[in-house]
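Asker: Okay, here's what each chain looks like letter by letter:
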Amino acid sequence: MDLLDRFVRGDLEAFELLFRQFNREVYGWVVRLTRDPSAAEDLTVEVFWRIYRAHARFDATRSFGAWARRIASNAALDHLRRARRESAASAMPPARTSDSSARRDLHLRVERAFLTLPPTLRVVAELALIEDWPQEDIAKALGISRSAVKARAFRATKYLRDALQREGIEP
Amino acid sequence: MSRLSDEKTLELLRGAMRAHNVDGPPGDLWPRVRHRIDRANRPPAADWVLAAALVLLCLLRPSLVGLLLLHF
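Just so you know, the sequences run in chain order A and B. All you need for the numbering used here is the position in the first sequence, starting with 1, plus 1. All you need for the numbering used here is the position in the second sequence, starting with 1, plus 4.
Covered by chain B, according to a simulated footprint, are these stretches of chain A (three or more residues, beta-carbon under 8 Å):
#: 1; segment: 13-21
#: 2; segment: 41-53
#: 3; segment: 155-163
Each pair of labels, with its calculated beta carbon distance range:
#: 4; chain 1: B; residue 1: Val53; chain 2: A; residue 2: Glu14; range: 29 to 35 Å
#: 5; chain 1: B; residue 1: Arg7; chain 2: A; residue 2: Asp133; range: 22 to 28 Å
#: 6; chain 1: B; residue 1: Trp52; chain 2: A; residue 2: Asp12; range: 23 to 29 Å
#: 7; chain 1: A; residue 1: Ala152; chain 2: B; residue 2: Ala57; range: 54 to 60 Å
#: 8; chain 1: B; residue 1: Gly31; chain 2: A; residue 2: Glu171; range: 43 to 49 Å
#: 9; chain 1: B; residue 1: Ala44; chain 2: A; residue 2: Arg86; range: 25 to 31 Å
#: 10; chain 1: A; residue 1: Arg104; chain 2: B; residue 2: Pro35; range: 41 to 47 Å
#: 11; chain 1: A; residue 1: Asp6; chain 2: B; residue 2: Val59; range: 39 to 45 Å
#: 12; chain 1: B; residue 1: Pro48; chain 2: A; residue 2: Arg104; range: 54 to 60 Å
#: 13; chain 1: B; residue 1: Gly31; chain 2: A; residue 2: Ala67; range: 22 to 28 Å
#: 14; chain 1: B; residue 1: Gly31; chain 2: A; residue 2: Arg167; range: 39 to 45 Å
#: 15; chain 1: A; residue 1: Ser39; chain 2: B; residue 2: Val53; range: 35 to 41 Å
Keeping only pairs whose Cα atoms sit at most 27 Å apart, straight-line, the calculated DSSO-like set for lysine-lysine is:
#: 16; chain 1: A; residue 1: Lys141; chain 2: A; residue 2: Lys151
#: 17; chain 1: B; residue 1: Lys12; chain 2: A; residue 2: Lys151
#: 18; chain 1: B; residue 1: Lys12; chain 2: A; residue 2: Lys159
#: 19; chain 1: A; residue 1: Lys159; chain 2: A; residue 2: Lys141
For the record, the hints were derived by calculation from the structure and aren't laboratory data. As the structure is a computational prediction, the values presented were derived from the model and not from experiment. For glycine and all other residues, C-beta sits at the position ideal for the given N, C-alpha and C.
Please work from the sequences and hints to get the whole structure.
Answerer: Next comes the structure, spelled out in structure tokens:
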């Protein structure tokens, strides 16, 4: 029987094989969306737990990787919503020892502004604005429409522009 | 007051925030996932306490066995 069919039937060995195949990808995706490697291990465990719980609902004719990525996106969003209530400044300070102090200060203020973005805008900003991913790929990865990606990227840019100005960054 | 343009906003953002290139988790996470599954598959402690209480009750009052069997 096919590996994915065995997984759908709840075969734990098949699930472990899928875990071994996809855990690096899921971990990398979670780090990307959260910018928080210290939380990514727990979130990766959480993602695979959610995947296991939902095994019977998985359609074995579809891509397991895409499905796992979508579940990981939801887990990352949940984490960002929780973390947003805490200090925005606690996540990953940039390590740039060679930059001048004024430049470092500017980067810190930009990062602070970025971290205040609402989670749904933040993940789109990460992929569309920073990593320059195609809208189609972002839509697939997050399980939203292409027009939603476009709208969120637009709103994220506007939000960032206002946040940067609140940080005292002028044109 | 003049406003930042979209282009300038993106330039500032890309200058300050670098994309993450991650190799993978530092350790093997499978034992933690497996532990989580095993924990969920185990019956809750309250179920064991209830079962023990029923057995004890049946030992003390054998007449209750018939009542319990009727229930099931």
